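Participant: Each chain, letter by letter, is given below.
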Amino acid sequence: MTLFQAFLCGIFYYLNAGPWIIGAGYYTFGKPIILGFMVGLVLGDPITGTIVGATIQLIYLGIMSTGGSYPADAALAGIVGTAAAIVSGLSATEAVAIAVPIGLAGTVLFQLRMLSAVPFTHLADKYAKEGNTKMIWWANVGFPQIVLALIYVVPCMLACYYGVTAISGLVDALSNTRILPILGTIGGILPVIGIAMNMKAIFKGDARYFFFIGFILIVYLKLDLVVISALALIFGILYVQLKYSNKGGSPT
Amino acid sequence: MSEQTVATVKRVSKKTRIKCLLNWLFFAHSCYNYERLQGTGFLHAMTPVIDELYDKDDIEGRSAALQRHTAFFNTEVRTGSAIVGLCASMEERIASGETELAEEAMPSIKYGLMGPLAGIGDTFIQAIISPLLISLALGLAQTGNVMGPILYLVVFLGLVVFLGVFCFNFGYKKGDEAIMKFIESGVINKIIEGAGIMGCVVMGALVAKFVTLKTTVAFELTTGTFDLQANFFDAIVPCILPLILTLIVYKRMDKGDSALKMLLILIVSGLVLGLIGII
Chain A
1 MTLFQAFLCG IFYYLNAGPW IIGAGYYTFG KPIILGFMVG LVLGDPITGT
51 IVGATIQLIY LGIMSTGGSY PADAALAGIV GTAAAIVSGL SATEAVAIAV
101 PIGLAGTVLF QLRMLSAVPF THLADKYAKE GNTKMIWWAN VGFPQIVLAL
151 IYVVPCMLAC YYGVTAISGL VDALSNTRIL PILGTIGGIL PVIGIAMNMK
201 AIFKGDARYF FFIGFILIVY LKLDLVVISA LALIFGILYV QLKYSNKGGS
251 PT
Chain L
253 MSEQTVATVK RVSKKTRIKC LLNWLFFAHS CYNYERLQGT GFLHAMTPVI
303 DELYDKDDIE GRSAALQRHT AFFNTEVRTG SAIVGLCASM EERIASGETE
353 LAEEAMPSIK YGLMGPLAGI GDTFIQAIIS PLLISLALGL AQTGNVMGPI
403 LYLVVFLGLV VFLGVFCFNF GYKKGDEAIM KFIESGVINK IIEGAGIMGC
453 VVMGALVAKF VTLKTTVAFE LTTGTFDLQA NFFDAIVPCI LPLILTLIVY
503 KRMDKGDSAL KMLLILIVSG LVLGLIGII
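Going line by line, the protein sequences match chains A and L. Letter by letter, the first sequence follows residues 1 to 252 of the working numbering. Letter by letter, the second sequence follows residues 253 to 531 of the working numbering.
If you're looking for bench data, these hints aren't it; they were derived computationally from the structure. Quantities reported herein were computed from a predicted structural model and do not represent experimental measurements. Do not take every clue at face value.
Listed next, with one range per pair, are the computed distances between beta-carbon atoms [unchecked claim]:
#, chain 1, residue 1, chain 2, residue 2, range
1, L, Ile500, A, Gln111, 28 to 34 Å
2, A, Phe212, L, Ala470, 28 to 34 Å
3, L, Phe471, A, Ile216, 28 to 34 Å
Glycine residues also receive a C-beta, built at the ideal position from the N, C-alpha and C atoms.
With the rest of the complex left out, here is chain A (with noise of 0.2 Å):
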């Protein structure tokens, strides 16, 4: 890895709390299936990233950040997991398990950016008070977004060149032990973790059932996702109408 793609890899990584993307950066560069993409991209391999990010994705599927809370750093992860996979020839699955920490310990850049922005809040009071509305860009974009910039692109730069040449190291170190097939079962395993948080949200009531008949749909009648996907939106209109139908009835 070049470090010119390195540097491409940190501006994602900026993008993704940045503002710049109508404000959705972290619902878009924050996550791993289009960072895997775009990493693959800037390293010559967008179908490897695609398939990678997708994969490293799945632990973070049902993850919420409310209230200024940031759990995981799922964006960390997506790049620096994806760009290991490809520089050294990891599978998807044993890409995962070297991204876990990696997103465990992208959390404390979120903590410092929090800390970071305080004194320009303290600067948009000071021209709220004089009535200055030039210069309330500045404490709210221009001077935070330059110091983010900064938190964001050095550390995931830096994460990129030097990180994940130190993984193909050790890559091609535990390359005949039995390390590696463990780390893609255990990459096997870990979606279960994305998809937990998510049923936490919406696992509840009779929305429970449905649950299983969408395993069921996959098991044994092997339908293609976007299939199934269609049938739990009919599934889901249906239930709502049924349950809401008997006017005056009390839903149960």
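We have chain A already, so just place chain L on it with the hints.
Facilitator: Positioned in the frame of chain A, the structure of chain L alone reads:
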């Protein structure tokens, strides 16, 4: 709001309202910090409105108006656009003479609505829409189809803009009572309930499709090899181990165990079971 005052309210131009909404959608989290969260983002969003309502020389008026919006604020950005729209219309009324609104009505509405709208928005976007769209994209992406991530990006961003515009206009035109009425009408709950069903179907499918857990245990019997996975588990229900594991992890997390704790447990048990050759 009485009928007479409506007629005399200063209105900001459509261009200003668009600027206000874009400032909010783009930069609500730009100065996100532990002290005020989106507070400064909210202030920034209101600047185009205040610029138009008050003369350049009216420093006092501008200063007072801006300082109404410096405090702590936090909500879901897209659904919270309703509050930004509502505050824009309230600023118009304040600038038109209804100064009493600034004292109590403005802060109480702002802080009264941010909680409910965050609850709805976070559930809808973080727990339902984003995982659902990602699950769909995963089906494509896992086979290396780059349309997976691209479609997700386009559809999600389209939804962000649509929701932002819809909520902003709702707040700007209909006011706080209409927002509360809409929240309490049950429409949103029905959507969330239906989408939750959809989400559950897809999660069940994801378990079977993407979680891999197989045992390698086999016994040598006189009649031949008894492979625990092929001859037992697969014979009962294929993918039963991933299903059981998912339900256990869900149960633990529902009882309050953190995702981090479960993650560590899974990694350690995977390592141990892998080393002794069970999985």
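Participant: Does the Cβ pair Phe212 of chain A, Ala470 of chain L satisfy 28 to 34 Å?
Facilitator: holds (29 Å)
Participant: Holds or violated: the 28 to 34 Å window for the beta-carbon distance between Phe471 of chain L and Ile216 of chain A?
Facilitator: Distance hint for Phe471 of chain L, Ile216 of chain A holds at roughly 30 Å.
Participant: Confirm or reject the claim that Ile500 of chain L and Gln111 of chain A have a C-beta distance inside 28 to 34 Å.
Facilitator: Since Ile500 of chain L and Gln111 of chain A have Cβ atoms about 31 Å apart, the given range 28 to 34 Å holds.
The structure agrees with every numbered hint stated previously.
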